[in-house]
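Take the given structure of chain G and dock chain U to it, following the hints.
Letter by letter, the chains look like this.
Number of protein chains: 2
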Amino acid sequence: MIDTRQENTIELATAPAEGRSDALVPIAPHMGRPRVVVVGAGFGGLSAARTLAHGAVDVLVLDRNNYHGFWPLLYQVATAGLESESIAYPVRAILRKHRNAAFAMLAARGVDFERRLVLTDGVPLEYDYLILAAGSANNYFGNDALAERTYGLKDLNDAERLRNRILSAFERAALEPDPARRAALLTLVVVGGGPTGVELAGAFAELIRHVLRKDYPMLDVSQARVLLVEAGDRILATFPASLQRKALRRLERMGVEVRLNTAVASVEDEAVVFKDGAQLVAGTVVWAAGVRAAALADVLGVAQARGARVKVAPTLNLPDRPEVFVVGDMAYLEGYHGSQAYPQVAQVALQQGKQAARNILAQVQGQPMRAFRYLDLGNFATIGRSAAILDTFGIRLSGFLAWIGWLFIHLMYLAGFRNRLIVLANWAYSYFTYDRGVRLITSDDETRKT
Amino acid sequence: MIDTRQENTIELATAPAEGRSDALVPIAPHMGRPRVVVVGAGFGGLSAARTLAHGAVDVLVLDRNNYHGFWPLLYQVATAGLESESIAYPVRAILRKHRNAAFAMLAARGVDFERRLVLTDGVPLEYDYLILAAGSANNYFGNDALAERTYGLKDLNDAERLRNRILSAFERAALEPDPARRAALLTLVVVGGGPTGVELAGAFAELIRHVLRKDYPMLDVSQARVLLVEAGDRILATFPASLQRKALRRLERMGVEVRLNTAVASVEDEAVVFKDGAQLVAGTVVWAAGVRAAALADVLGVAQARGARVKVAPTLNLPDRPEVFVVGDMAYLEGYHGSQAYPQVAQVALQQGKQAARNILAQVQGQPMRAFRYLDLGNFATIGRSAAILDTFGIRLSGFLAWIGWLFIHLMYLAGFRNRLIVLANWAYSYFTYDRGVRLITSDDETRKT
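Here the protein sequences come in this chain order: G and U.
The first sequence maps to residues 6 to 455 in the working numbering.
The second sequence maps to residues 6 to 455 in the working numbering.
Just chain G, same shape as in the assembly (with noise of 0.2 Å):
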């Protein structure tokens, strides 16, 4: 028999409190404080549950994955940098300290606003505040064809399975006589210049150059291209000029094809056709070009901006129900850099969780809510082995420095000790022998893209 002594067990059949019905009870601490439902584990659900749990209120925190995933490192996964489980964390480990918070691993589908519920796909569960942080999606724009031909790189299976697919491609390059089919099976191309996109071309530019190589001489590697298309005219477009130039060159130099101002019309099986009519034969394509908020934001029946995006009140909260509020990459609210749209990154969900955690609090003890403000803390990205750039505070750094500063604000930001020793040992060991430690084929899901 298991040893359960220890003295803070509360048992199951805790007493309903009062006016819940009875398929609530299981789930979560009830000290007959107002109960608050976060649905998703993110950046902003996390944020906002860690603020509600030093107030006098009970906090149910549900996400569809019993972890937490610290995707800015996500790409470094599909380019097997790092395992899955270094960049993700338990969500119970997380809340483990707060005794008014739970968590329950269920995936929302819907809010019954009327009736203060969320429908889940177990038990439907009461609130009496609420906040929606459930994240984004990757945005096909409609286009289904393209959501099967192309990968994604929005959670661990979307990394794991381009991890797969690039390494059992360069596996099967390896035993094709037919040259046509091989370079096919050797071509990447990355859709979209945005920061997911030339992280993971960089990246993969950098596993094929310092890793691949070796590992298959016999193979001519020299028929491996990494491309990254942008329709736009430059990459990285919400950092100043002189830091696009910086990456663009840095790219280029690191045997990335960068190709602005292309347009892509579609993809077929093996190829991507672009809007002038040309086409490329590759025999993987990543889709980075553009995010959606997830699809709870289609059912709840509210109002939505571009991106299918729900429009918040500056407080956060649903215009017409100072209960509900919706944060992160699900929410669309303006006033960044005058009347832009708040961006969907990881320092806007953490600071709106927050602010939405903050303003349930106010409501709780009568006070009156405050609407969002934003402490920019600027804008990184990096582009390869020790070069990053780095825009903050009027401050404009590239190279090896913003690499450093990036490297650092990661691991502080990352979700429990032993992850940054994990981190920390995989980096320290890739940095100094230019090896990657994880390339193993998982799956053969990868067939399923063939």
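Among these hints, one or two may not hold up.
Unchecked claim - Lysine-lysine pairs mimicking BS3-like chemistry, simulated, CA-CA at most 27 Å apart:
hint	chain 1	residue 1	chain 2	residue 2
1	G	102	U	219
2	G	102	G	280
3	U	359	G	219
4	U	359	U	316
5	U	316	U	159
6	G	219	U	102
Stated by the list, open to error - Beta-carbon label-pair distances, calculated as ranges:
hint	chain 1	residue 1	chain 2	residue 2	range
7	U	273	G	243	45 to 51 Å
8	G	104	U	400	45 to 51 Å
9	U	271	G	300	40 to 46 Å
10	U	239	G	304	57 to 63 Å
11	G	409	U	273	54 to 60 Å
12	U	112	G	418	41 to 47 Å
13	U	112	G	146	37 to 43 Å
14	U	162	G	376	49 to 55 Å
15	U	162	G	148	29 to 35 Å
16	G	274	U	162	25 to 31 Å
17	G	409	U	370	38 to 44 Å
18	G	404	U	370	55 to 61 Å
Hints listed in this document are in silico derivations from the structure and should not be mistaken for laboratory results.
Quick caveat, the model's predicted, so the values are computed rather than measured.
Where a beta carbon is used, it is the ideal one built from N, C-alpha and C, also for glycine.
For chain U alone, kept in the frame of chain G given last:
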């Protein structure tokens, strides 16, 4: 364009060696020397390949995966102690330093002994010498229902599936209002009291006691049970009786319910039925009660012994084929402790792989082959944090010292400097914090077996 200036790039279109068909060209180096094909990149296959790489032969290693798995630590992946990547290492990275050794990710489907061809899921491959080291699979003794309703532990997919299953079971239990259903979800039965079963049961008991109990404060974890079921009258049958008793006491102290003399008749959905008619409701049943040779052994048309293992001559080749060797878990040879069959353990595979390679090199040089001689380095099993048993060269140890020995030996054998670093970091972290870093549910596969 990727920079490919490197001296030792060998063009794919190397001219075929005398008398070889074109289809076989691109994969392996050809220096006009005898080609040895090694099927399997486990302990046996890799130790053979490394030995051969120092001889005047060309070596081609095949495996359906692109990595070598360090299976002695597989139970730690299943119990959220290590990530998959830290016990697996790319075969190409291991073979990289040998100019005359190559790798192809292909699964062997059979052998045409007359034409000296290995049949694969891709092109057929010619050999002059062949080493079959495809390892073992779970033995369900022809009972398909057993295979369907239980979890195995033979590769990374198995381990991750088991981890996902157990962690998901706890997540579902936290949402389950029915106490009987909840108890079922929290019951894990391990069938088989060999080293795998013992290590797994111990590690699960520790996971529950030290980690999950804190993760699920709302759940009464005293309902969680780990049972180890063994048909014989003792666990760890290959160890001396004194160590068996110590291991048994240790397991029981850790909370594992050990049931000896208990044979399983069948596994139903969510229940184990024993031969005496008793039933036990269990959400997860792990089958660790026997292994058999890999399926490849069945299609060779050669004599097989118990567990479908291929009978080999003392020199490790097929009795009537001096050019075909079988080593490791796939091979059946008597001579262990007198007239017993050599056990299916890493040490035997390592040493047999080496001897088979030496016998091939002997044939190439016109020297006589030598019979396999086993240097018994002893027997190890770990039972949990700071506890192991060790039986080597007449020394019988248990407890902390044995555990340190176990840790040291496993780290030494683990392929790759990076993996050693990561595993050590993980272990140090777990040891001092009692935490497990990688308790992520990475897939919903587990519903398959609900």
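Hints versus structure:
Of the pairs offered as hints, the one joining residue 102 of chain G and residue 219 of chain U holds, with about 9 Å between alpha carbons and a cut-off of 27 Å not exceeded. For the suggested pair residue 102 of chain G and residue 280 of chain G, the alpha carbons sit about 54 Å apart, so the restraint of at most 27 Å is broken. Proximity of residue 359 of chain U to residue 219 of chain G is assessed by CA-CA distance (about 26 Å); at most 27 Å being required, the pair is judged to hold. Using a Cα cut-off of 27 Å, the hinted pair residue 359 of chain U and residue 316 of chain U holds, with the two alpha carbons roughly 18 Å apart.
Under the criterion of a C-alpha separation no larger than 27 Å, the hint pairing residue 316 of chain U with residue 159 of chain U is consistent with the structure, at around 23 Å. A hinted pair counts as satisfied when its Cα atoms are at most 27 Å apart, and residue 219 of chain G with residue 102 of chain U qualifies at roughly 9 Å. At about 58 Å, the beta-carbon gap between residue 273 of chain U and residue 243 of chain G misses the expected band of 45 to 51 Å. Residue 104 of chain G and residue 400 of chain U have their C-beta atoms about 50 Å apart, which keeps the hinted 45 to 51 Å range intact.
Checked against the hint of 40 to 46 Å, the pair residue 271 of chain U and residue 300 of chain G passes, with Cβ atoms roughly 43 Å apart. For the pair residue 239 of chain U and residue 304 of chain G, the supplied restraint of 57 to 63 Å holds, since their beta-carbon distance comes to about 59 Å. Remark: the range hint 54 to 60 Å for residue 409 of chain G to residue 273 of chain U is upheld by a beta-carbon distance near 59 Å. For residue 112 of chain U and residue 418 of chain G, the Cβ-Cβ distance of about 42 Å falls inside the hinted range of 41 to 47 Å, so the restraint holds.
Distance hint for residue 112 of chain U and residue 146 of chain G: a CB-CB separation of about 40 Å, consistent with the stated range 37 to 43 Å. For residue 162 of chain U and residue 376 of chain G, the hinted distance range of 49 to 55 Å is satisfied, since their beta carbons lie about 50 Å from each other. In this structure, residue 162 of chain U and residue 148 of chain G meet the distance hint of 29 to 35 Å, their C-beta atoms being roughly 33 Å apart. Taken as a hint, the range 25 to 31 Å holds for the pair residue 274 of chain G and residue 162 of chain U, whose Cβ atoms sit roughly 28 Å apart.
Checking the proposed 38 to 44 Å range against residue 409 of chain G and residue 370 of chain U shows it is violated: the Cβ atoms sit about 56 Å from each other. Evaluation of the 55 to 61 Å hint for residue 404 of chain G and residue 370 of chain U yields a pass: the beta carbon distance comes to about 56 Å.
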